[in-house]
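A.B. asks: Single-letter residue listing:
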Amino acid sequence: MKEIAIISLTRFGDLIQETPLLRILKQTWPQARITLVAEQRFAGILPLVHGYDRVITFAKDEVADRVVFAEDPLVPYFSLEAFVRELEEIHYDLVINLTFSHMSAFLASLMKADKFVGLVAGDKGERLISSLWGIYLFTTQEGNNRLLNRINLVDMFTRLGGEKPDGKPVELIGTEKGEAFADAFLCENGLFGERLIGLQLGASDTVRCWPPESFATLSDLLQERLGVRTILFGSQSEEPLAARALSNMSHPAISAVGKTSLEGLFSLLKRCALLVTNDTGTMHFAAAGGVPTMMLCTGPAFFHGTGPYSSGNLALLADIPCAPCRYNFNCPTLVCREMLTVDAVYESCRAMLRGEPHPGRTGVKAYRSFFDAEGYLDWQRCDGGDDSDEEPARRYGRMWKECLDDGILPPLFTGTAEPCAPELVGMATEGVQISSRIAGAAGDNPLPMDELSLLGDAEAAMAAGIKIHSALHPEMAPLTDFFGLMRDNITAEGLAAIAEETRSCYEWTRYLASRL
Amino acid sequence: MGFFKTNLEFLRQNDPALAERVEKRTERSRIPVEIAANGEPTLKLRGLAIHSFRDPAKDGENWARRAVAEHNLPQTGKVTVLGFGLGYHLKGLANLGVSGTVIEPDLDLFSTALENLDLADVLVNFRIIAGLTPERLRRAHSDDLARTILPHPPSLRIHPDSLGTLNSYGDSLRGAREGGMKILLVNPINGGSLPIARYCASALRRMGHIVTTFAAEAFSGGMDFAGNYRFDRCRQAFRNDLAATISRGVELMAKETRPDLVLALAQAPLLSETLARLAAMDIPTAFWFVEDYRVLTYWRDVAPHYRYFFGIQKEDFRKELAEIGVSNYSYLPVAAAPEVHLPAGLSDEELEAYGSPLSFVGAGYYNRCNLFKGLADYPFRIWGSDWPFSPPLDRLIQLNGKRIDTETCVRIFNASAVNLNLHSSLIHEGVVPDGDFVNPRTFEIAACGAFQLVDRRSLLGELFSDGEMEQFGSLPELREKIDHYLDHPDERAVFAEKGRRRVLAEHTYDRRMEELLALILADNQGLAEKMRLRREEHSALYEKIGGQEGLRELLDRLPQGPAPTLDGIYAALKGGDGELSRAEKIFLALKNVELKLD
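Chains as they are written, first to last, in this note's numbering: chain R, 1 to 516; chain V, 1001 to 1598.
Just so you know, not all the hints are guaranteed correct.
With the Cβ distance kept under 10 Å, some of the chain V side facing chain R (calculated, not the full set) [said to hold, decoys possible]:
| hint | residue |
| --- | --- |
| 1 | Arg1136 |
| 2 | Asp1260 |
| 3 | Glu1529 |
| 4 | Thr1565 |
In case anyone wonders, no lab produced these hints; they're calculated from the structure.
Computed from a predicted structure; not experimentally measured.
Even glycine gets a Cβ: it sits at the ideal position worked out from N, Cα and C.
For reference, chain R alone in the conformation it holds in the complex:
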């Protein structure tokens, strides 16, 4: 392996979340040159990211601007084409697309490579997801499947890149510029020698934001009772939030909101003993800086998929059945934010800072992160509450890791004696039989058209039946959606080959359902 490209065009947090993949790829292929394809507007983080050799930046906003406003359609065309030419310069051994957008799929398809993983557009523009882990990643984005997902996005990225997690956190390396900023900031604000707690007020969405008034009260409590100093973090657009919080504080926190570059943010965060945060990019910075982090999960924010990727972090979640809620749900009550009381968050902070067990609070569930024996990040409920409701997700987590790790279907697999999903196993078995018969008939000369037509109808009915099964049994949706995506990704040509691939989809479904 000499040339590897990683396409990462989603968020700047993703550039942090793929650092384990970069690290492991570099260890596995020390001679390979790794090219990072990143968005221009996130380039500020690149000095902190290590493990890549070359970067191609994409000015997506400029192209988008031209799509909207250019008078001639060739203006955006040539604007994007210039970037495409950079992508085409090198023939890659491997292209890993970590961006799950159609745009990135077409960009990937324009690159020259021996192997693509992740999303890529086919020659006819069809969506292709290569690798089982890629299909699993897409599965987690469907419906409410993420609630049954126990695998962190970082681990999925690593697996997508063909590597295994190594139980180490995300990592960034501070720069001199960032350190100098942090020193100057601490000096200017008289914070040297103080125990610092960072508070990140904003988030991408209002429902993911713990109220700034609550942050204000928390800040006062922390400063009054624990003798720490608090620093507010956030971008320039979050200044109104910071102003709201500051106006409600008896002991004003120091505000770094809108004052930090990404390098400065990282170095300043590293000086903190704890970060209390909504679900944000700042949270990933803290994890990469080894700073213990408390993630406040409100609205759809959920720690299992995208929580801070290091051990010893805490995630707090309202103890109500609807938490976390689904994406884009316009909740009229936002009760989950109210249930995360200031007292509960304060008590959790105190315990974290003192290294004590979580005190447990009614109405709030607390989870602590750790690396499991295989090197994957996981979370364990730590407030003393009952966690039996998480058993289905745990079973799924184990199943995916065990079954997809090698990406190879065990030969002659016939299922377990008492499967957890007997109906699905039964349907998948029937699907194997139907597709085997199609594969067999496809070899006959002349083709038995009537028989093939009947078998084709039967297979389509079976596929539809599996889809319907998840409507009746929502807990089966990750498996049925996985099956659907596999089936959508059949690339074979010719009836016999298509039938073989279809059979493989059913075999995998039977295998996975049997191991659940």
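Starting from the known structure of chain R, arrange chain V on it as the hints suggest.
C.D. replies: Chain V only, in chain R's frame:
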């Protein structure tokens, strides 16, 4: 000297009508010439020399040589020369093989030239348009104005208001015809101007402009909903709020599409706040008020907020607008849409259903009800809404007074021997005595190749020539003409054919939109320059497409037109079976780029 008769004979061969007009001028109306140093006749008007006073022929030859070199003539085609003078410069052009059209506003000057110079070569090579107003020229000779224009500078100095404006108009007309302008067209919520808005959109698209329609008619049900309120104040409040929302919707669409021009048709729901914000966004706005300004007076509120204002009436309206500070007004009559209003071969059943010796399509305004009572003894069918179901008209009203859609209108026009066209009035008893504007029906019936009798309008004469449109001024005259034409189908056919030809040549929405855009571009040099730069950029970009795999093939698949759009290209991308080219993949990536408004 004394070339008049010979020249006139040459002129008569090409343009007998003009020869006749010139012949009617008296000798006294000719302008006295002077003698140049070389003995040739020359001319000074209002203290300005039209030709050289040393050697006018040589001066004309030099001018012609420069023009030929500058415009690569005659290879690049025919030209239009602005200004005849005594014709020296035209002789120069003719000698170099250049031909085309000459526009001269002063018929006396043209007559003087015919008297003083041997212009046989000029009259063979050039068609002369003399004594017409710029407005008439714009409408009747747009193709001449869209050619390469050679302004004769002394003539322009003498006629800055006519030849001067035509010179810049010609450039703008070419720009308007080249397409590529992004236009946000705001439809009215309902009413008679809605079909006109749609015809305008089609015309602009045919011209190669990129039209986004704000289909305000989608809110028509909302406006109707106001009827559910019991109190008028509530109804009005609801309508006002809805109008504000719709107006804001136009602004948002302008923000998304960044048009070069917002064009609104009468009754379009654009409030002054929105127009002010569009102006702040540096987007020119134009309004075509296709209504009678004396009847509908809301123009007073909106006209000052538009940069360009167009209407179907002339001087009186212009004066009233000037009184409220609106100076950028242009007269733009309505027209027909030949793709819709066309001769139709009708089946026997259709002739039975829609045909009659005498018919009228339209709403039952007061003057129509009154006048048509005097026609109740004819085999007369009246189509349309708002007619009183009382004798003697009740038995003539068709389809229980239902509104008639455009398709049915066209069938009725085609099926009727005599189509009546009486402009509406709420106060007059019959024909409006001082009626000026011409209604759409006039053009639409003519475009159908149907015969009509239309009430006299002061502006009709400059839109149609003699023999193209038969008119009436009173009930007795109308009855007399109905009787005559019902008995003379051959005469009806001649009128109909001539009327149709005139409409197709001059009175289509394509022509109107061309004129509207050309007038705007002539006034707005910034916009004209922007369009020019865009065309240049477009050409430069197209020079680069050769090296792009699959790009030319993709562009070749687009429908013909000068202005491809991203949406047009997306629509042309292969779907399903074909293997995508590099260019197609790039466009598909573009199609999926996440867009942000700000």
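A.B. asks: When the structure is checked against the list of hints, which entries are broken? Sort them ascending.
C.D. replies: 1, 3
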